[in-house]
Amino acid sequence: MSTPVYDRYRAAFVGAIAQALGQQPEEIDPHVKPADPQHGDLSFPTFPLAKALKKAPPAIAADLATKVSVPGLQIASAGPYLNARFLLQPFVGEVIDQARSEGEKYGHSEAGKGKTVVIDYSSPNIAKPIAFHHVRSTMIGNAIANLYRSQGWRVEGINYLGDWGKQFGLVAVGFQEYGDPARRGEVAHLVDVYVKANARAESDPEFDERARAFFRRMEEGDQEALALWEEFRETSLRDFKRVYERLGVRFEHYEGESRYQGKMDAIIDEIAKKPGTKESEGALIVDMPYDENEPPVLLKKNDGTTLYATRDLAAAHDRYERFHFDRALYVVATDQSLHFKQLFRTLKEMGRPWADRLIHVNFGRVGGQSTRKGKLTLLTQVLDEAQAVALEKVKENIAAGRIQTDDAEKLADAIGLGAIVFGDLKNRRVTDYDFDLEAFLSFEGHTGPYLQYAHARACNVLRRGGGAPASYDPSLLTLPEELALVREIARLPVVTREATEQNEPSLLARYLLDVASAFSRWYTLGNQERDKRVLVEGNEPVKHARLALTDAVRITLASGLTLLGVPTPENM
RNA sequence: GCGGGAUUAGCUCAGUUGGAUAGAGCGUCGGCCUCCGGAGCCGAAGGCCACAGGUUCGAAUCCUGUAUCCCGCGCCA
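Heads up: take any position in the first sequence, counting from 1, add 8, and you land on the numbering used here.
Honestly, the hints are just simulated from the structure, not real lab data. These figures come from a predicted structure and were not determined experimentally. Ideal Cβ placement from N, Cα and C applies to all residues, glycine included. Certain hints may be false.
If you anchor each label on the Cβ, the simulated ranges turn out as follows [as the list claims (entries may be wrong)]:
no.	residue 1	residue 2	range
1	T413	L533	20 to 30 Å
2	L95	K75	16 to 26 Å
3	E214	E242	21 to 31 Å
4	T439	G256	17 to 27 Å
Calculated pairs, PhoX-like style, for lysine-lysine (alpha carbon to alpha carbon, straight line, at most 25 Å) [what the hints assert, rightly or not]:
no.	residue 1	residue 2
5	K349	K286
6	K308	K174
7	K309	K286
8	K271	K286
9	K59	K75
10	K174	K356
11	K249	K418
12	K356	K309
13	K349	K282
14	K281	K356
15	K349	K174
All chains, please: the whole structure from these sequences, using the hints.
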């Protein structure tokens with residue numbers, strides 16, 4: 009993978025300014041910003057220099073304009089700004105060639121070569137209702153894992169199942185009361201039992217105590233209790249894996265909190281030597297002099313059983329021993345910020361130098377779901393509905409002869425999935441949103457299907473045009489809409505890098521909308537003016553150039569969508 | 001009460017980490033198919049960036065208050 013064209017010109021611009029001013033490029037670099045398109049591609053505001061140079065910013069900019077010169081850039085001052093615009097030649101050809109030569113790897117880099125990131129994502133609780141925030145964790149985590157892989161990192165994705173804890177006691181004891189033995193293999197039934205047992209435990213202390221006692225038996229290694237646990241665990245897991253397969257999500261590791269069963273003593277013993285670890289109200293707690301008004305970390309309950317904080321301490325330790333990670337991400341809802349803050353700080357207090365490499369990649373809650381009543385919209389349900397909506401349109405398109413497919417349902421599923429994945433990823437992680445089925449099922453406007461559609465049309469015009477040409481003349485691409493499109497294509501490597509650095513897939517999602525919009529605008533010109541069509545008649549050289557551009561668009565969209573986990577059908 | 005987050009167009013959200021006239025989608029209104037695919041394109045209307053101060057050449061962005069909403073706060077995860 010070669011240096012992105014955009015980066016190359018930007019670095020040259022920065023270097024030339026630095027030289028003209030007699031400064032280091034690192035001093036100039038942070039000040040160079042993308043320009044307003046009407047002024048160019050890059051801009052350098054001269055305000056910060058005014059004091060040191062004792063000159064008015066416009067005068068500085070005008071002066072720089074005479075001194076700064078970079079091949080391939082048109083440089084000019086505009087008031088207090090020094091602007092640079094990519095010259096059509098050779099920029100257009102360089103960008104298209106780079107995209108086409110890198111193909112599905114366009115946007116990838118080797119920046120993370122030799123580094124390892126551990127990503128904890130999805131991580132549903134077994135035998136509890138599958139809340140929608142697990143879906144967010146799954147999709148966000150999957151996109152982030154893909155992004156890291158694309159930047160050359162070794163990725164260890166862990167689905168850290170919540171497969172240990174009191175909730176198993178609730179399900180086990182609840183099963184005796186509410187369970188139907190014939191349905192013990194059905195997840196839906198287990199969830200139903202859990203909801204009832206949970207409600208009962210809140211008002212019935214004796215029942216709650218029985219659930220606790222069951223979990224205590226598990227921690228003590230009681231074979232009968234563990235056998236039942238194993239069964240519930242397998243039932244849930246089987247169900248989860250079906251969903252993951254449909255979502256196209258894979259993990260390097262499936263493991264869970266149970267992994268640390270019986271292995272927490274070492275950690276607890278170690279913390280116990282620290283000041284601040286003590287017994288309180290019968291429980292073992294860490295109460296180091298952190299912030300005031302902050303609750304302590306609970307390591308053991310008054311009945312001696314462990315809590316998830318204890319298991320997370322053991323897990324972090326274990327993960328470092330196994331992977332020696334450079335970064336470890338926890339893709340978990342914002343609700344748990346306090347937990348992670350305390351977890352990271354406790355590890356630091358324990359003298360783990362790698363505690364600083366742990367990052368809570370938080371995300372906002374999904375409202376509009378009544379979890380407590382056990383009334384949830386299941387993901388598969390939403391996927392099914394989205395597929396049904398897509399299927400109507402697919403059939404319509406088949407009937408009209410616009411597309412061919414031997415499996416309309418599979419295609420419709422890809423479109424429905426695209427709508428849901430993209431709908432979840434287009435906003436910043438931290439944004440809360442209400443679950444709105446209508447919004448997820450609308451395929452108009454800036455949605456997943458909009459992107460898929462742009463990609464499919466690019467594929468289609470390439471097919472009709474006899475494929476992407478081996479050679480073409482980039483100087484024939486002179487329409488403003490074509491240049492705008494090339495500028496967008498050039499940004500993909502910059503955006504994937506930034507999205508990875510910020511653990512923020514929405515940056516990529518939003519960018520792809522810009523690409524698709526620029527493509528649609530250009531493409532639609534041909535509706536009115538035939539000489540602006542890609543497959544323009546009677547001008548083979550221009551046609552070839554436009555096909556090459558279309559090919560670069562196709563590659564950019566396919567590469568970006570794949571990273572997000574959005575399927576890219578070639579027609580739809 | 002304490003801690004964290006949020007507040008931008010009627011609705012849902014961006015806003016390149018302090019830079020040029022604050023942008024999209026949806027919705028509303030008006031245009032574009034004998035035409036490479038209309039899941040598309042173009043245009044219009046719509047803003048005291050919650051409020052009040054402050055820092056700065058420059059603030060939606062940083063600081064301090066205030067208001068409203070959401071989340072979290074010892075034996076769940």
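Which of the listed hints are not met by the structure?
-> Hint 10 alone not satisfied by this model.
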